[in-house]
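> With these hints in hand, go ahead and build the complete structure from the sequences.
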Amino acid sequence: MNWQVWLPLLVVLSSLLPGLIIFVLPENRVGLRTVLNISGAIAKLFLVGWMLWGVAEGHHFEARLALLPDIELVLRADPLALLFVTLSAVLWLLTTMYAIGYLEGSPHRSRFFGFFSLCVTAATGVALSGNLLTFLVFYELLTLTTYPLVVHRGTEMARQAGQSYLIYTLAGGALLLLGTVWLYTLTGTLEFTEHGFLHELDTAHHPSLIIIFILLIAGMGVKAALVPLHGWLPKAMIAPAPVSALLHAVAVVKAGAFGIVRVVYDVYGVEFAQMLNLLTPLAIAASVTIIWGSLRALFQDDLKKRLAYSTVSQVSYIALGVALFGPIGTIGGLVHLVHQGIMKITLFFCAGNYAEKLGIHRISQMNGTGRRMPLTTIAFSVAALGMMGAPLTAGAVSKAWLMDGATAANMPWVVWVLWASSLLNAAYFLPILWRSWFLSQPYAWPNDHPPIRQWREAPWLLLLPPLVTGTAILVAGVFATFEMSPLAWAQLITDREYFRGVP
Amino acid sequence: MTDVWMGVPWAVILIVLPLAAAMTAFVWPRISQLLVLGCSLVIVLAVTGLALQLWYHGVFHHALGGWGAPLGIELYADGLSLVLLAATGLVGAGVSVYASAYFSVEEKRRFWPIWLFLLAALNALFLSADLFNLYVTLELMGLAAVALTALPGSRDALAGAARYLFVSLLGSLAYLLGVALLYHAFGSLDIAVLAERLRPVPAAWVALGLMSAGLLLKTALFPLHFWLPPAHSSAPSPVSAVLSALVIKASLYILLRLWIMLFGPFAGDGVAAFLGLLGVAAILWGSVQALRQTRLKLLVAYSTVAQIGYLFLAFPLATVASWNATMVLLLSHALAKSAMFLAAGNFLNFGGHDRIADLDHIVQRLPLSAFAFALAGVSLMGLPPSGGFIGKWLLLEAALVQGRWDLAAVMLLGGLLTAAYVFKVLGKSFTQADVACTYQPKEIPARMQWVALILACGAILLGFGGTPLLPLLEIGVPFDGSGP
Numbered sequence: 034m035n036w037q038v039w040l041p042l043l044v045v046l047s048s049l050l051p052g053l054i055i056f057v058l059p060e061n062r063v064g065l066r067t068v069l070n071i072s073g074a075i076a077k078l079f080l081v082g083w084m085l086w087g088v089a090e091g092h093h094f095e096a097r098l099a100l101l102p103d104i105e106l107v108l109r110a111d112p113l114a115l116l117f118v119t120l121s122a123v124l125w126l127l128t129t130m131y132a133i134g135y136l137e138g139s140p141h142r143s144r145f146f147g148f149f150s151l152c153v154t155a156a157t158g159v160a161l162s163g164n165l166l167t168f169l170v171f172y173e174l175l176t177l178t179t180y181p182l183v184v185h186r187g188t189e190m191a192r193q194a195g196q197s198y199l200i201y202t203l204a205g206g207a208l209l210l211l212g213t214v215w216l217y218t219l220t221g222t223l224e225f226t227e228h229g230f231l232h233e234l235d236t237a238h239h240p241s242l243i244i245i246f247i248l249l250i251a252g253m254g255v256k257a258a259l260v261p262l263h264g265w266l267p268k269a270m271i272a273p274a275p276v277s278a279l280l281h282a283v284a285v286v287k288a289g290a291f292g293i294v295r296v297v298y299d300v301y302g303v304e305f306a307q308m309l310n311l312l313t314p315l316a317i318a319a320s321v322t323i324i325w326g327s328l329r330a331l332f333q334d335d336l337k338k339r340l341a342y343s344t345v346s347q348v349s350y351i352a353l354g355v356a357l358f359g360p361i362g363t364i365g366g367l368v369h370l371v372h373q374g375i376m377k378i379t380l381f382f383c384a385g386n387y388a389e390k391l392g393i394h395r396i397s398q399m400n401g402t403g404r405r406m407p408l409t410t411i412a413f414s415v416a417a418l419g420m421m422g423a424p425l426t427a428g429a430v431s432k433a434w435l436m437d438g439a440t441a442a443n444m445p446w447v448v449w450v451l452w453a454s455s456l457l458n459a460a461y462f463l464p465i466l467w468r469s470w471f472l473s474q475p476y477a478w479p480n481d482h483p484p485i486r487q488w489r490e491a492p493w494l495l496l497l498p499p500l501v502t503g504t505a506i507l508v509a510g511v512f513a514t515f516e517m518s519p520l521a522w523a524q525l526i527t528d529r530e531y532f533r534g535v536p
Numbered sequence: 019m020t021d022v023w024m025g026v027p028w029a030v031i032l033i034v035l036p037l038a039a040a041m042t043a044f045v046w047p048r049i050s051q052l053l054v055l056g057c058s059l060v061i062v063l064a065v066t067g068l069a070l071q072l073w074y075h076g077v078f079h080h081a082l083g084g085w086g087a088p089l090g091i092e093l094y095a096d097g098l099s100l101v102l103l104a105a106t107g108l109v110g111a112g113v114s115v116y117a118s119a120y121f122s123v124e125e126k127r128r129f130w131p132i133w134l135f136l137l138a139a140l141n142a143l144f145l146s147a148d149l150f151n152l153y154v155t156l157e158l159m160g161l162a163a164v165a166l167t168a169l170p171g172s173r174d175a176l177a178g179a180a181r182y183l184f185v186s187l188l189g190s191l192a193y194l195l196g197v198a199l200l201y202h203a204f205g206s207l208d209i210a211v212l213a214e215r216l217r218p219v220p221a222a223w224v225a226l227g228l229m230s231a232g233l234l235l236k237t238a239l240f241p242l243h244f245w246l247p248p249a250h251s252s253a254p255s256p257v258s259a260v261l262s263a264l265v266i267k268a269s270l271y272i273l274l275r276l277w278i279m280l281f282g283p284f285a286g287d288g289v290a291a292f293l294g295l296l297g298v299a300a301i302l303w304g305s306v307q308a309l310r311q312t313r314l315k316l317l318v319a320y321s322t323v324a325q326i327g328y329l330f331l332a333f334p335l336a337t338v339a340s341w342n343a344t345m346v347l348l349l350s351h352a353l354a355k356s357a358m359f360l361a362a363g364n365f366l367n368f369g370g371h372d373r374i375a376d377l378d379h380i381v382q383r384l385p386l387s388a389f390a391f392a393l394a395g396v397s398l399m400g401l402p403p404s405g406g407f408i409g410k411w412l413l414l415e416a417a418l419v420q421g422r423w424d425l426a427a428v429m430l431l432g433g434l435l436t437a438a439y440v441f442k443v444l445g446k447s448f449t450q451a452d453v454a455c456t457y458q459p460k461e462i463p464a465r466m467q468w469v470a471l472i473l474a475c476g477a478i479l480l481g482f483g484g485t486p487l488l489p490l491l492e493i494g495v496p497f498d499g500s501g502p
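Quick note, the sequences are listed as chains A and B, same order. Each position in the first sequence, counted from 1, maps to that position plus 33 in the numbering used here. Each position in the second sequence, counted from 1, maps to that position plus 18 in the numbering used here.
No wet-lab data here; the hints were simulated from the structure. Mixed in with the good hints there might be a few duds.
Cβ pair distances, simulated, as ranges [as the list claims (entries may be wrong)]: (1) A/L234 <-> B/A375: 48 to 56 Å; (2) B/K460 <-> A/G221: 52 to 60 Å; (3) A/H93 <-> B/G56: 50 to 58 Å.
From the derived model, a few chain A residues whose C-beta atoms are all more than 10 Å from chain B [claimed, not checked]: (4) N35; (5) F332; (6) P360; (7) D437; (8) A453; (9) N480; (10) P492.
Looking from chain A toward chain B, a few residues come up when the C-beta cut is under 7 Å (computed) [claimed, not checked]: (11) E173; (12) V184; (13) L199.
As the structure is a computational prediction, the values presented were derived from the model and not from experiment. Beta carbons are placed, not taken as given, at the ideal position from N, Cα and C, and that holds for glycine.
Written as structure tokens, this is what we have:
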């Protein structure tokens, strides 16, 4: 055992241990709980930073534990894993801060933060999984640990949302399990490998491999909210705002999208998937999801529901980018994994602030919020513009690469899908911005909390996270070409997948 | 030190110690609690010792008093016995601690001797090597189990116990009749000798039919499960836990031994397929019934009916891998189901009722028990990381290798149905009850909560124990047709 083995383990433990300790803390130990939460998050960030440095230096991080005589749990830090783990580590710190502010004074916080930490542990595990079995273990763990967060409020509505969440995700998990075991009986290995590990199989197995691909993608697609498997996501909006942020940007939806990336690149290998003609159907499914999600978003008056449908649409950009055969599309999809995360989490932080401070839940109530809560609304506007793909934002970068990728892959219809999606995005975001900046304030807000501290519009714990992520959207957009930007990292991953050691 | 450890006849201790303790507890009730707790601890140690002996020296043979077969009593232990002994030791220890807080002083006086007696019978059963000893221990175990169900002395309990007694006697009688027929026809009770002599004559067929039917009735495989839900749900919670976790496994153990050595090669694929079919029906029927229950303990009892079905899926597969999977499932079910019954018992004691719809924020009021229930549920669903997952993974793999898609589909569907009924309970434990509770909630001793949680954690940790467990199972290659 040396530090290269310990590091991936420690990254997982840095949220697991605080989570377990928090469970047994009495409800009133607010200070200790906060210290545990924040120190766990910072420790994770530090460890991930160390791994980033190490991988850039060419070190190899891997931890193994035998689960059965011939199957191991593997945690490995490859560049793709680091892309996701860095995203979730950074956003976890911010979401934890936000959640501490958001839930101040509300009951059952020990339970909440315990499961919150376990949830991030599972997401980290998903990111660092070195084989499909490990992925499956953490993927199911993620389902289980988010359930108590979804039903946290304990109302009948919350219970039903939780129920529908489980029906979708557990059924998806069963498909994933079937696909995984089937694959294992064919190959005897599940290790994620660059260029995949299936292309050497006999051609007699190709029909089975196609069905397995469908099983795996359907299993991931439930969490990634591919239409028609997306039904749980809008319902789960009943959960508290930090949980929505976690579901949409840090953990659940992302885990599904990340799983699709893993299956295409490291199980099948993109060339082999293209050879089996699997990529075009995936691109079509993603495109349908993009358009359908945007259309549904257009007709929601509930702010969080509109954002949820927007997630349905935006997350499929990742699957779409993956399905565009060629390095440029891949870069677009991978970079969107990060960009969508920071944009969507900003939107949810802001939506939470509106709900918390003014009692606003509907878009029709948002008139004049820009003057009442300027900082929040600025962050919201930046993120919304990013979603539309406005210049200088992170969204523009992803969209540009995706469009170039579509052209390069000789799939011109995808360009039209992207344009249509941008238009629809504008159609459902611009009215919100119009209302909040240009319409006058109503006589009274639905549930106004007068400012109590020196921060005029919201406590700093609620305000800081959206401002940080809002800034990040601009930084990722403007400085996209710099070294260590998400884009540069996505290029590094793509470089390895396409150009190194071609099979 | 190691020599001392290896030299002790652990197998004999496993039987003699609880038997002696039972008698002491009967004549000297004042020290009985101390005796039981000590005895439980020693049993766990003895199982560990036996495991080490098996690990280093292979299978264990011992003729009591120097008298070998066919006259004397022979003890035999291999990997298969070891798994069941381990389940008995762990669940037994948990239940002993739980019961020490659950029963009143007066109830305990009656509980402890019978309980120790049951432990002795179970251990003896898992160490027996010939058909007649298996019968004797099976009967002893059945009587002790019936006595435990009757313990509360209420009308319901007595009626339930009477029904249970009837089923139990019918089962062992059918088994005994089969044994007698075999002995008459082939002149031996030794399994290995019989395996050589068995010929397809009518007497053999009738004997096998009777023995299997009796054992299946006692194992409560669908459609012979009718007696289980009322018996297991009306018993006191620690007794429910033992009945579901261990007692039904004992008859299954005998069936498994006989099947692999005697019946399997003799009866052929048709019977195996039929047993598999019954297993499938048990999974589906038991799960659907569990989902329909409004009472928690009945739900958990029907869940047992369903989970037994999984243990029969290996019969048509009939590979070593599938038997191994069955044993992992069996062990994790023993831990998970006992945890679940104990947690349900805590809910029942706390609120004075076990209506699922009125669980009323139980997750906040009894967080440890709710957590135990959830973890046990995870293992039953077969979700990772848990023993249930490992077992299901192995079984699924075995089914897919043989192209048994139907069985694979049933396994997955059964898992989803399990999730449905477990989360039905968990969902309701987060919400408020429709009717405000008038009952003053009762304090639940910490011991009772922790025992449930520790057993549930055991089922989860088993998910990481596959590497040591599977080689242990291979000792004496119980699934390759070599056995006692």
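> So which of those numbered hints doesn't the model satisfy?
none
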